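Residue numbers 249 to 1048, in the numbering used here, belong to the letters of the sequence shown in order.
Just to be clear, a hint being listed does not mean it is correct.
[Claimed, not checked] Capping the alpha-carbon separation at 30 Å, the derived lysine-lysine pairs in DSSO-like fashion look like this:
{"#": "1", "residue 1": "Lys370", "residue 2": "Lys656"}
{"#": "2", "residue 1": "Lys303", "residue 2": "Lys354"}
{"#": "3", "residue 1": "Lys644", "residue 2": "Lys752"}
{"#": "4", "residue 1": "Lys310", "residue 2": "Lys354"}
{"#": "5", "residue 1": "Lys711", "residue 2": "Lys591"}
{"#": "6", "residue 1": "Lys808", "residue 2": "Lys763"}
{"#": "7", "residue 1": "Lys762", "residue 2": "Lys909"}
{"#": "8", "residue 1": "Lys861", "residue 2": "Lys344"}
{"#": "9", "residue 1": "Lys821", "residue 2": "Lys832"}
{"#": "10", "residue 1": "Lys365", "residue 2": "Lys711"}
{"#": "11", "residue 1": "Lys832", "residue 2": "Lys711"}
{"#": "12", "residue 1": "Lys926", "residue 2": "Lys816"}
{"#": "13", "residue 1": "Lys816", "residue 2": "Lys742"}
{"#": "14", "residue 1": "Lys344", "residue 2": "Lys656"}
{"#": "15", "residue 1": "Lys354", "residue 2": "Lys816"}
{"#": "16", "residue 1": "Lys762", "residue 2": "Lys752"}
{"#": "17", "residue 1": "Lys354", "residue 2": "Lys752"}
{"#": "18", "residue 1": "Lys808", "residue 2": "Lys821"}
{"#": "19", "residue 1": "Lys656", "residue 2": "Lys644"}
{"#": "20", "residue 1": "Lys946", "residue 2": "Lys722"}
{"#": "21", "residue 1": "Lys365", "residue 2": "Lys401"}
{"#": "22", "residue 1": "Lys711", "residue 2": "Lys742"}
{"#": "23", "residue 1": "Lys867", "residue 2": "Lys656"}
{"#": "24", "residue 1": "Lys644", "residue 2": "Lys374"}
{"#": "25", "residue 1": "Lys387", "residue 2": "Lys401"}
{"#": "26", "residue 1": "Lys808", "residue 2": "Lys795"}
{"#": "27", "residue 1": "Lys354", "residue 2": "Lys401"}
{"#": "28", "residue 1": "Lys795", "residue 2": "Lys674"}
{"#": "29", "residue 1": "Lys752", "residue 2": "Lys365"}
{"#": "30", "residue 1": "Lys644", "residue 2": "Lys370"}
{"#": "31", "residue 1": "Lys354", "residue 2": "Lys374"}
{"#": "32", "residue 1": "Lys742", "residue 2": "Lys303"}
{"#": "33", "residue 1": "Lys401", "residue 2": "Lys370"}
{"#": "34", "residue 1": "Lys550", "residue 2": "Lys474"}
{"#": "35", "residue 1": "Lys711", "residue 2": "Lys816"}
In case anyone wonders, no lab produced these hints; they're calculated from the structure.
Predicted, not measured: the structure shown is a model, and the values here were computed from it.
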Amino acid sequence: MKNYKKGLLTVAVLSAMTLMAAEDTTIYVNTFEDTDVDDNQCSLREAVIAASTHKAYNGCPKGRPNNTNTPNVIQLEAGEYHLSSELTPNSPMIIKGKAPADWSSKDLVTNDFPARKPIETKIVGKQSTRLINTTLNDKPAITLQDLIFKDGKTNGQGGALFLGGETVLNNVWITNSTAAKGGAIFLDGPNSSLTINGGQFERNNALSGSVLDMSCNAALAYTQRKITLSGSTYIDNGDGTNDSVLNFCGQPALSLFSNTITENKANSNNGSIIKFYADILGNQPSLSSSSTLTLTSNTIVKNTAQGIFSYDQNGTKLLAYNILGFNTGKSCLYQSGNIAETKTANISINTNALNLFNGNDQCELPQEILARTDTHTLNLNGISFGDVLSPLQQAKDYTSYMAMYFPKDLKTANDFVDMGRNECAKLDQRGFSRVTELQPVVAGVTNDTCDLGSVEVLRFGLKNQAQSNQSILKMIQGYQNEIDVFQQAIDDPKTWQIYIPYYKNRISYFENLKKLTQANQKYRPVYFDPFLNNLPDEMVYDDGSRKILNLDLNNYDVLKPEPLGIGKLDQNKLFSGLYDANLKCEWDANLGRVIMYRTDDRITPEGDAEFCKYTLRSKSTQHEASAYLMARFGNIVPSVEAVSYTIEHGTTQTVTVDLLKNANDNGDGSTAGLLLNKNKSPFYLNTKGEAQAIRFIKVPDNVTVVSERQGACPGADRLENCHGGNITLQLINTLDPFNYKVTYVVYDADGDKSAEGLISLNNTAVADNSVRKSGGGAMGWISLIGLLSLAWARQRKLKN
249 MKNYKKGLLT
259 VAVLSAMTLM
269 AAEDTTIYVN
279 TFEDTDVDDN
289 QCSLREAVIA
299 ASTHKAYNGC
309 PKGRPNNTNT
319 PNVIQLEAGE
329 YHLSSELTPN
339 SPMIIKGKAP
349 ADWSSKDLVT
359 NDFPARKPIE
369 TKIVGKQSTR
379 LINTTLNDKP
389 AITLQDLIFK
399 DGKTNGQGGA
409 LFLGGETVLN
419 NVWITNSTAA
429 KGGAIFLDGP
439 NSSLTINGGQ
449 FERNNALSGS
459 VLDMSCNAAL
469 AYTQRKITLS
479 GSTYIDNGDG
489 TNDSVLNFCG
499 QPALSLFSNT
509 ITENKANSNN
519 GSIIKFYADI
529 LGNQPSLSSS
539 STLTLTSNTI
549 VKNTAQGIFS
559 YDQNGTKLLA
569 YNILGFNTGK
579 SCLYQSGNIA
589 ETKTANISIN
599 TNALNLFNGN
609 DQCELPQEIL
619 ARTDTHTLNL
629 NGISFGDVLS
639 PLQQAKDYTS
649 YMAMYFPKDL
659 KTANDFVDMG
669 RNECAKLDQR
679 GFSRVTELQP
689 VVAGVTNDTC
699 DLGSVEVLRF
709 GLKNQAQSNQ
719 SILKMIQGYQ
729 NEIDVFQQAI
739 DDPKTWQIYI
749 PYYKNRISYF
759 ENLKKLTQAN
769 QKYRPVYFDP
779 FLNNLPDEMV
789 YDDGSRKILN
799 LDLNNYDVLK
809 PEPLGIGKLD
819 QNKLFSGLYD
829 ANLKCEWDAN
839 LGRVIMYRTD
849 DRITPEGDAE
859 FCKYTLRSKS
869 TQHEASAYLM
879 ARFGNIVPSV
889 EAVSYTIEHG
899 TTQTVTVDLL
909 KNANDNGDGS
919 TAGLLLNKNK
929 SPFYLNTKGE
939 AQAIRFIKVP
949 DNVTVVSERQ
959 GACPGADRLE
969 NCHGGNITLQ
979 LINTLDPFNY
989 KVTYVVYDAD
999 GDKSAEGLIS
1009 LNNTAVADNS
1019 VRKSGGGAMG
1029 WISLIGLLSL
1039 AWARQRKLKN
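Let the sequences and hints guide you as you build the complete structure.
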């Protein structure tokens, strides 16, 4: 059962969280004031100094030791941190805003806890200072997460961030920041690189690179750096007098995927939104011919400039699955001579929406590239914006709190949905998987393929699920382990209160699973969560807004599952097999699971699976989706317990062992629902119907085993000897002072054996830990000395 397996991960994660809490070296900022005084408060500025020096500073702790390879972490709270001057980190660090998460509810995108919220932590420059500068001294690597940088300003480079080292921005907004170059960000020097994962860049301005600019060379060589911009929005940057919004130079390895770039402005006579061509700097072009640019699954619309994507022959360029049109100015502009006289310009095109003909927003391409443009590229000539794209949707929960456009699913050849190929970015801007292997279950239904642009239209659909039955006992114990771990976290006074609602929810969830699984057992059941890993339905309103319908019982009905039979998937991934009346599929609304089981104890043949079809129906839209549940039923081996007995030293005491009493075959579940073999024995019976299920694996030399009956063991172990009825154990030598260990296995009715069980024979003459382990006819030298000593002592006694 998936939830049981996931429980192991939960235990590990919570254990790690407990360890982290015990060894927390995070530097917590506890004031919004921009202070640098020796008091009990830790300001953001002081925290940066402490993190840089790895020493306590004023009211801030030292953080991590300097000899570790792990950067210091600075944790901020929700609110605004106003800076009077720039922060200058001087060693690697992570600065985190308060996590924008609601642990009391599920997220619309992940359908799991926590729900995402808008960013709540802001660092503000009040139009008087740049915010962060890492170009000094050691040029450290930094990570910024869950933060809004606002109102940064400088007359030089980098209005918000002036970066000299490797930098990662996770869910970061930069707004209303200005500079001469790089209104939001400037990358300086050969050590600088940039990775952006999510966020929004809005109303930033600079003469060059209103959002991003960079140094081009150092020491007479091109500056090489890696730049990745993904899952983010760039909107309303530039004022129409600027040269560019995203200005690339040097020798970048550049990748932009799943971004929305819209309503940005640059000079209509010579400006670019994305500038990827060479200016002449002295005697050297600003862009190396070894540069690379990949634009994949971006929506680049409604921008204004001479060229939206301006390029030349320098560097290799790949455009795939983009919507690049509906702009004021050339959507693609060749900046190095007459495009008609250019063969390739080192540019490749694969499945885009472009205006390929003459027009205001034409994408200028070399003739040879135009001739090779495949049939999957959609020509925007004659198509209006409102026919294929929604109005701009502002940052809301269904947009993962970024502005974006949604393609309209017109189900025609001229829309941007299902282009028939699967090489687009793996995730859309919201974080949904783009290409999902949905199950058709009926012939003629096609699978999901890539949409164009940054956002994938949600296609309500289900995936096939395949599982084998697990031990009911282990499953129930797994649920209890989950309950215990979450309860320990609640009881721990160090646990942050924001997690308590989630922990309580998890306890209630697993208590319900445990109780209902115990109370309503089938024989060898397989449990399926019909909502697991599937794609939700989405309501679309006339204004383009959306409501994602979370996959749960509040939004969907689980229709009666349909048993299909035993077989395989054919070449079309449709069920091919024979109906079997003993196969059952039931929806248990209280448990929240579809249960597959059989009314006989038949094992699934090798190479086959047992099939049911499950269906969800959206309560709001009445849309339905179906897929297969594929189960394999196998035998769960018996369980045995360790047992111990005490033997009085010097006596002829025998020990009667009832090993089946300490064993069980309950892992398979209840036999009460079986129509065939309803009174199935839990253990192996011989041909006379007598229990003969115990086989001894290791019996020490000085222990004898006497049983009421013996005979062949079942199946592959038929050459071995199995015991049944009354079984007694006895020491051969009454003067033997040792403890002994005997191991055994138990066979169930299907002929499968348990793991080895242990019988401890504890002699009253010695301590519990004095164990004799010889067996199979061998005698250890210590045992031999012991016996010789006993013989010598006895002989001496007789002489006296």
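### Query
Does the structure keep Lys354 and Lys816 at a Cα separation of 30 Å or less?
violated (36 Å)
### Query
Going straight from one Cα to the other, do Lys808 and Lys763 come out at no more than 30 Å?
holds (23 Å)
#### Entry: Lys711 paired with Lys591 [C-alpha distance capped at 30 Å]
violated (45 Å)
### Query
Holds or violated: Lys861 with Lys344, Cα cutoff 30 Å?
violated (46 Å)
### Query
Given the hinted pair Lys354 and Lys374, is their alpha-carbon gap at most 30 Å?
violated (36 Å)
### Message
With the threshold set at 30 Å, check whether the alpha-carbon distance from Lys401 to Lys370 stays at or below it.
### Response
holds (15 Å)
### Message
Check whether the Cα positions of Lys387 and Lys401 lie no farther apart than 30 Å.
### Response
At roughly 21 Å apart (the allowed maximum being 30 Å), Lys401 and Lys387 satisfy the hint.
### Given hint Lys401 paired with Lys365 - CA-CA distance at most 30 Å
At roughly 28 Å apart (the allowed maximum being 30 Å), Lys401 and Lys365 satisfy the hint.
### Task
Take a quick look at whether Lys821 and Lys832 sit within 30 Å of each other, Cα to Cα.
holds (22 Å)
### Query
Given the hint that Lys354 pairs with Lys752, does the C-alpha gap stay at or below 30 Å?
holds (14 Å)
### Message
Tell me if the straight-line CA distance from Lys867 to Lys656 falls inside 30 Å.
### Response
holds (22 Å)
### Message
Lys808 and Lys821 were given as a pair; does the straight-line alpha-carbon distance stay at or below 30 Å?
### Response
holds (22 Å)
In summary, the numbered hints that this structure violates are 1, 2, 4, 5, 8, 13, 14, 15, 22, 27 and 31.
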